[in-house]
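A.B. asks: Sequence:
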Amino acid sequence: MFPERFSNLPAYAFPRLRSLLDAHAPGGEVLHMTIGEPKHAFPAWVADVVAEHAAEFGRYPVNEGTIGLRQSICDWIARRYGVRLEAERNVMALNGTREGLYNAMMALCPEQKNGKRPVVVLPNPFYQVYMVAALSVGAEPVFLPATRETGHLPDFSAVPEEVLARTAVVYLCSPSNPQGAVAGYDYWRDLIALAERHDFRIFADECYSEIYRGEAPVGALEVAHGMGADPERVVIFHSLSKRSNLPGLRSGFVAGSPECIARLKLLRSYAGAPLPMPLQHAAEKVWADELHVVENRRLYAEKYALADEIMGDVPGYDSPQAGFFLWLPVGDGEAAALKLWQETGVRVLPGAYLSREAGGQSPGKGYIRVAMVAPGEEMARGLTRLRDCLYD
Numbered sequence: 001m002f003p004e005r006f007s008n009l010p011a012y013a014f015p016r017l018r019s020l021l022d023a024h025a026p027g028g029e030v031l032h033m034t035i036g037e038p039k040h041a042f043p044a045w046v047a048d049v050v051a052e053h054a055a056e057f058g059r060y061p062v063n064e065g066t067i068g069l070r071q072s073i074c075d076w077i078a079r080r081y082g083v084r085l086e087a088e089r090n091v092m093a094l095n096g097t098r099e100g101l102y103n104a105m106m107a108l109c110p111e112q113k114n115g116k117r118p119v120v121v122l123p124n125p126f127y128q129v130y131m132v133a134a135l136s137v138g139a140e141p142v143f144l145p146a147t148r149e150t151g152h153l154p155d156f157s158a159v160p161e162e163v164l165a166r167t168a169v170v171y172l173c174s175p176s177n178p179q180g181a182v183a184g185y186d187y188w189r190d191l192i193a194l195a196e197r198h199d200f201r202i203f204a205d206e207c208y209s210e211i212y213r214g215e216a217p218v219g220a221l222e223v224a225h226g227m228g229a230d231p232e233r234v235v236i237f238h239s240l241s242k243r244s245n246l247p248g249l250r251s252g253f254v255a256g257s258p259e260c261i262a263r264l265k266l267l268r269s270y271a272g273a274p275l276p277m278p279l280q281h282a283a284e285k286v287w288a289d290e291l292h293v294v295e296n297r298r299l300y301a302e303k304y305a306l307a308d309e310i311m312g313d314v315p316g317y318d319s320p321q322a323g324f325f326l327w328l329p330v331g332d333g334e335a336a337a338l339k340l341w342q343e344t345g346v347r348v349l350p351g352a353y354l355s356r357e358a359g360g361q362s363p364g365k366g367y368i369r370v371a372m373v374a375p376g377e378e379m380a381r382g383l384t385r386l387r388d389c390l391y392d
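UniProt numbering numbers the first residue of the sequence shown as 1 and each following residue consecutively.
Since the hints were derived computationally from the structure, they do not count as laboratory data.
Some hints here could point you the wrong way.
Computed cross-link-like contacts, DSSO-like style, restricted to lysine-lysine with a CA-CA straight-line distance of at most 27 Å [unchecked claim]: (1) K265 - K113; (2) K285 - K265; (3) K365 - K339; (4) K339 - K39; (5) K285 - K39.
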């Protein structure tokens with residue numbers, strides 16, 4: 001029997017999209033702008049590294065990641081954020097960050113907070129695994145709107161004291177999915193200080209950290225170390241999926257205090273989802289290389305410029321600071337997505353599928369999310385059709 005706490009769980013975003021669109025014929029050449037699956041080339045030598053170590057498909061993988069992979073990750077953190085961690089104590093390799101974002105709740109969320117059911121605070125809209133992870137441990141998800149009025153980041157000053165007293169975990173994605181907003185140093189500092197006062201952990205989902213325009217986004221761990229915060233406050237999650245165009249490699253990591261990582265390793269020893277050894281060797285090399293990341297960022301910079309050129313005069317258009325999505329106001333996201341599909345063949349995701357109704361409103365309902373992952377010429381065709389269909 002399906003657990004009662006999941007009884008009101010909506011279908012996942014993409015099955016919902018298929019139900020909305022697939023009964024209708026597309027109105028033109030089909031252009032997919034829904035899934036955030038990078039299309040830029042990954043480094044060609046990745047396949048060579050996998051082939052070189054192919055015999056190790058015959059071995060059980062190292063559960064927490066090889067020491068070489070974890071050291072490569074630590075070296076990257078030191079270069080990127082100026083924070084030095086220990087490979088054995090502070091880092092665990094992940095089979096994609098979705099695994100980590102879910103299992104961290106299993107390993108680290110208490111059964112009670114101050115004698116009551118714990119609260120998990122989520123941005124709204126949000127990556128849906130956050131909510132399911134909270135429900136899986138019996139916590140109460142509290143949805144905090146991240147709207148244009150709040151800079152597309154949640155306003156934690158709006159959380160009542162009685163909720164903060166029960167808060168065990170806060171999820172925050174920066175750069176944010178779907179809006180592409182970046183939490184600055186002061187924002188992270190204030191949130192970490194709030195965590196110190198109310199004794200909760202921050203799960204910082206930073207998967208889009210390497211796709212940005214202008215200055216590199218500051219990291220949660222970087223700010224926490226600069227403040228001298230309790231090491232238990234911040235747990236960070238990163239991935240090669242977006243940084244290196246390798247979603248199929250399934251290589252990510254979680255980094256945090258020795259206690260957090262020890263508990264995650266213990267859970268992993270039972271639940272077990274390690275990365276195959278040849279892929280661990282490839283990931284070790286990829287984390288050590290920045291040249292392909294710089295080129296990837298250059299290609300996205302061109303797409304930001306294209307989007308600004310095509311969509312810049314659309315009322316309510318916010319040019320993203322980072323990531324590779326556009327978050328476009330359309331009044332009714334489902335109606336707009338259906339109209340766009342039927343009239344042009346462009347496929348986008350209704351924003352309501354990424355948000356939850358709370359306080360009588362769903363912050364994503366009036367939006368669509370558009371992925372800028374296709375080659376530039378194809379993306380420009382899709383955005384032009386979108387603009388002409390929905391805004392002219």
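A.B. asks: Could you grab the alpha-carbon distance between K365 and K339 and see if it respects the 27 Å cut-off?
C.D. replies: Holds: K365 and K339 sit about 15 Å apart, inside 27 Å.
A.B. asks: Within 27 Å, alpha carbon to alpha carbon, are K339 and K39?
C.D. replies: holds (26 Å)
A.B. asks: Are the Cα atoms of K285 and K39 separated by 27 Å or less?
C.D. replies: holds (20 Å)
A.B. asks: For K265 and K113, compute the direct alpha-carbon distance and say whether it is at most 27 Å.
C.D. replies: holds (23 Å)
A.B. asks: For K285 and K265, compute the direct alpha-carbon distance and say whether it is at most 27 Å.
C.D. replies: At roughly 23 Å apart (the allowed maximum being 27 Å), K265 and K285 satisfy the hint.
The structure is consistent with each of the numbered hints, conforming to all of them.
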